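Undergrad: Each chain is listed here by its residues.
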Amino acid sequence: METIDMIRSILQSTLILAVSPFLFGIINRTKAFFAGRKGSPLLQLYYDIYKLSRKSAVYSRTITRVFIAGPIVGLGAILSATMLVPFAGRASFISFEGDIILFIYLFGLTRFVAVLAALDTGSSFEGMGASREVQFAVFAEPALFLSMAALARVTGVTSLSAIYSNLNAISWTTWSPVFLLVAGAIFIIFLAENSRIPVDDPNTHLELTMIHEVMVLDHGGVDLAFILYGSAVKFWILGTLVAGIFFGAHSRGWMVDYSLFIIGMVLFAFIVGAVESVLARLRLLKVPHFLIVALALSVLALAFTMR
Amino acid sequence: MNSLIDLLSITILLMNLMMLSSSRISTCIRIVAFQGILFGLMPFVIHSHAIALGAMIYSIVSIGLKGFVFPWLLFRAQREANIRKEVEPIGGYPLSLLMGVAMFLVSFWLSSRLPYIRTVSSDLVMPVSFMTFFTGAFIIVGRMKALTQVIGYLVLENGVYLFGAALLIEQPFLVELAILLDIFVAVFVMGIAIFHISREFDNIDTQNLSQLKDWVNTK
Numbered sequence: 013m014e015t016i017d018m019i020r021s022i023l024q025s026t027l028i029l030a031v032s033p034f035l036f037g038i039i040n041r042t043k044a045f046f047a048g049r050k051g052s053p054l055l056q057l058y059y060d061i062y063k064l065s066r067k068s069a070v071y072s073r074t075i076t077r078v079f080i081a082g083p084i085v086g087l088g089a090i091l092s093a094t095m096l097v098p099f100a101g102r103a104s105f106i107s108f109e110g111d112i113i114l115f116i117y118l119f120g121l122t123r124f125v126a127v128l129a130a131l132d133t134g135s136s137f138e139g140m141g142a143s144r145e146v147q148f149a150v151f152a153e154p155a156l157f158l159s160m161a162a163l164a165r166v167t168g169v170t171s172l173s174a175i176y177s178n179l180n181a182i183s184w185t186t187w188s189p190v191f192l193l194v195a196g197a198i199f200i201i202f203l204a205e206n207s208r209i210p211v212d213d214p215n216t217h218l219e220l221t222m223i224h225e226v227m228v229l230d231h232g233g234v235d236l237a238f239i240l241y242g243s244a245v246k247f248w249i250l251g252t253l254v255a256g257i258f259f260g261a262h263s264r265g266w267m268v269d270y271s272l273f274i275i276g277m278v279l280f281a282f283i284v285g286a287v288e289s290v291l292a293r294l295r296l297l298k299v300p301h302f303l304i305v306a307l308a309l310s311v312l313a314l315a316f317t318m319r
Numbered sequence: 432m433n434s435l436i437d438l439l440s441i442t443i444l445l446m447n448l449m450m451l452s453s454s455r456i457s458t459c460i461r462i463v464a465f466q467g468i469l470f471g472l473m474p475f476v477i478h479s480h481a482i483a484l485g486a487m488i489y490s491i492v493s494i495g496l497k498g499f500v501f502p503w504l505l506f507r508a509q510r511e512a513n514i515r516k517e518v519e520p521i522g523g524y525p526l527s528l529l530m531g532v533a534m535f536l537v538s539f540w541l542s543s544r545l546p547y548i549r550t551v552s553s554d555l556v557m558p559v560s561f562m563t564f565f566t567g568a569f570i571i572v573g574r575m576k577a578l579t580q581v582i583g584y585l586v587l588e589n590g591v592y593l594f595g596a597a598l599l600i601e602q603p604f605l606v607e608l609a610i611l612l613d614i615f616v617a618v619f620v621m622g623i624a625i626f627h628i629s630r631e632f633d634n635i636d637t638q639n640l641s642q643l644k645d646w647v648n649t650k
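Sequence lines, in order, name chains G and S. Position 262 of the first sequence, counted from 1, bears residue number 274 in the working numbering, the numbering being contiguous throughout. Position 90 of the second sequence, counted from 1, bears residue number 521 in the working numbering, the numbering being contiguous throughout.
No lab work stands behind these hints, which were simulated from the structure alone. Please note that the accuracy of each hint is not assured.
[Claimed, not checked] Computed footprint of chain G on chain S; a stretch qualifies when at least three of its residues, placed anywhere within it, have a C-beta under 8 angstroms from a C-beta of chain G: (1) 486 to 495; (2) 578 to 589.
[Said to hold, decoys possible] Facing chain G, a subset of chain S residues (Cβ under 8 angstroms, in silico): (3) S434; (4) D437; (5) L448; (6) Y524; (7) F539.
[Claimed, not checked] Every beta carbon over 10 angstroms from chain G, so not counted as near; a handful from chain S, in silico: (8) A464; (9) F465; (10) V476; (11) K516; (12) L541; (13) P546; (14) L555; (15) A568; (16) E607; (17) R630; (18) E631.
This structure is a prediction, so every number in the text was calculated from the model and none was measured. Using N, Cα and C, we set each Cβ at its ideal position, and we do this for glycine too.
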């Protein structure tokens with residue numbers, strides 16, 4: 013039994029690593045559909061990563077080792093987070109009490125090294141992007157913490173995979189307000205963290221308006237491949253937090269659960285693509301306001317669990 | 432049944448937050464209209480088993496007034512005064528939103544301390560009514576335009592109404608109708624007042640009302 017669980021959790025992590033770039037293809041296809049275009053191939057990100065990984069990176073003369081370490085540490089932190097995240101409501105590779113804090117700070121570490129690498133280039137544009145990224149994180153991080161705290165309080169456990177496997181046993185009729193508020197809050201954080209449209213445009217090429225994209229402008233070759241792959245995996249992991257609330261049931265066999273969950277994630281990618289196509293980008297000054305909405309929703313969710 | 436009350440309460444709560452964070456006055460009017468309809472439905476949901484004929488008539492009248500007549504009056508006042516946005520509120524919108532959350536937490540605490548008779552079927556109704564009350568007060572204090580302050584007044588009254596609806600089984604019918612009449616007259620008169628203020632001053636910023644004194648101190 014032990015070995016089966018072990019193999020299964022390794023399989024889960026490998027599945028996440030293999031499938032996550034695929035979601036970006038789905039989003040791009042959805043956006044293309046809304047815009048009436050044909051769109052890039054579904055596997056485009058795989059091609060991009062393959063192409064970039066064969067190229068060597070070009071470094072400017074002003075950089076130090078911090079810049080080189082940035083993408084490596086960033087990808088490492090995200091891969092470690094993959095070990096913690098549950099899959100289809102089943103236990104992850106590693107889980108212990110209080111791993112939500114480690115989980116959230118692994119993303120904090122990713123952001124920290126990305127910001128340091130951006131500042132290390134000495135470019136004023138990248139400094140601007142770094143400043144924005146950090147400013148928005150100030151609002152996004154407490155909101156994520158409070159949402160997780162609300163879920164932890166509902167389920168009574170503080171481990172990420174235990175929370176999501178316990179969610180199935182809890183009745184939707186009594187806790188539906190909490191679940192919906194938390195899902196709303198995490199979805200807003202998700203859009204901000206993955207630099208999706210209402211907050212940041214992943215396709216923009218105007219430095220003045222970019223947030224996340226401007227920080228990676230000076231990275232090239234393998235470094236850029238690391239960053240792209242890291243953001244794809246991050247997209248999957250944070251998406252799991254939203255989709256896991258709705259697609260967590262594991263009453264059937266694990267094959268059914270896995271396929272249902274993957275379908276759920278694909279559906280989630282469709283929704284993100286639709287949101288991106290329908291909404292316009294917020295003005296930069298409005299973004300903190302948008303994130304404060306997430307904060308407010310998570311505080312409300314936490315307050316509802318207290319009654 | 433209980434979950435329906437919860438759902439209504441949360442909708443009202445989220446609408447309060449929306450109202451605190453939106454700068455467009457027309458959005459605020461729409462929210463207050465929808466809120467009025469929800470508040471009118473509240474007695475049906477809370478006392479669904481034994482609702483008196485008087486209370487039913489009152490609810491219907493209140494839905495009609497708050498959901499349709501008041502918005503119409505407010506939209507007319509807005510058109511006449513020709514304003515679309517609250518320009519510079521005290522504090523700004525993100526802060527108002529956070530204040531709204533803080534107000535909700537305070538009302539949660541407040542309603543847990545109140546020794547009211549536990550006839551209320553959902554423990555969310557009390558906090559939400561307090562929160563609505565505070566939101567109205569906050570809008571009256573924190574916003575500059577006279578029209579927004581009227582909206583704040585309506586929100587405040589909604590909170591008081593929900594408090595009554597949640598607590599009382601026997602509604603003193605005539606008193607409630609008289610209150611409704613009072614609000615109607617108030618909104619009506621304020622609509623006219625707003626029009627005249629905007630004609631005199633070219634805007635309806637209530638800060639300018641401090642100019643209305645006999646002798647202006649010239650520093």
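Undergrad: Against this structure, judge whether each hint is valid.
TA: Results for each hint:
| no. | hint | in the structure |
| --- | --- | --- |
| 1 | 486 to 495 | violated (count 0) |
| 2 | 578 to 589 | violated (count 0) |
| 3 | S434 | holds (6 angstroms) |
| 4 | D437 | holds (6 angstroms) |
| 5 | L448 | holds (6 angstroms) |
| 6 | Y524 | holds (6 angstroms) |
| 7 | F539 | holds (6 angstroms) |
| 8 | A464 | holds (22 angstroms) |
| 9 | F465 | holds (19 angstroms) |
| 10 | V476 | holds (16 angstroms) |
| 11 | K516 | holds (14 angstroms) |
| 12 | L541 | holds (13 angstroms) |
| 13 | P546 | holds (17 angstroms) |
| 14 | L555 | violated (8 angstroms) |
| 15 | A568 | holds (19 angstroms) |
| 16 | E607 | holds (29 angstroms) |
| 17 | R630 | holds (34 angstroms) |
| 18 | E631 | holds (34 angstroms) |
Hint violations for this structure: numbers 1, 2, 14, all remaining hints satisfied.
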